[in-house]
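Visitor: Kindly generate the complete structure, drawing on both the sequences and the hints.
Numbering (our numbering), first residue to last: 1 to 48.
Where hints are given, some of them may not hold.
Restricting the straight-line Cα-Cα distance to at most 27 Å, the calculated cross-link-like pairs of lysine-lysine (DSS-like) are [to be verified]:
hint, residue 1, residue 2
1, K36, K23
2, K36, K24
3, K43, K27
Keep in mind the hints are simulated off the structure, nothing from the lab.
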Amino acid sequence: KNTGTEPSLLLRSHRDASVRDVKKVTKAAALGGINKVVFGSLKTGKFD
1 KNTGTEPSLL
11 LRSHRDASVR
21 DVKKVTKAAA
31 LGGINKVVFG
41 SLKTGKFD
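Guide: Structure follows, in structure tokens:
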């Protein structure tokens, strides 16, 4: 019984999933930040 491969496969898939989630969250945060900046400058009429 080889137990050396299964944990690493589980870890790898888990890590891939968390990386995907982090990218998704980062993308959402970046888009949210851009929207905030754009709408903020629209509201104040300032474009820096």
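Visitor: To test your reading of the hints: which numbers does this structure violate?
Guide: none
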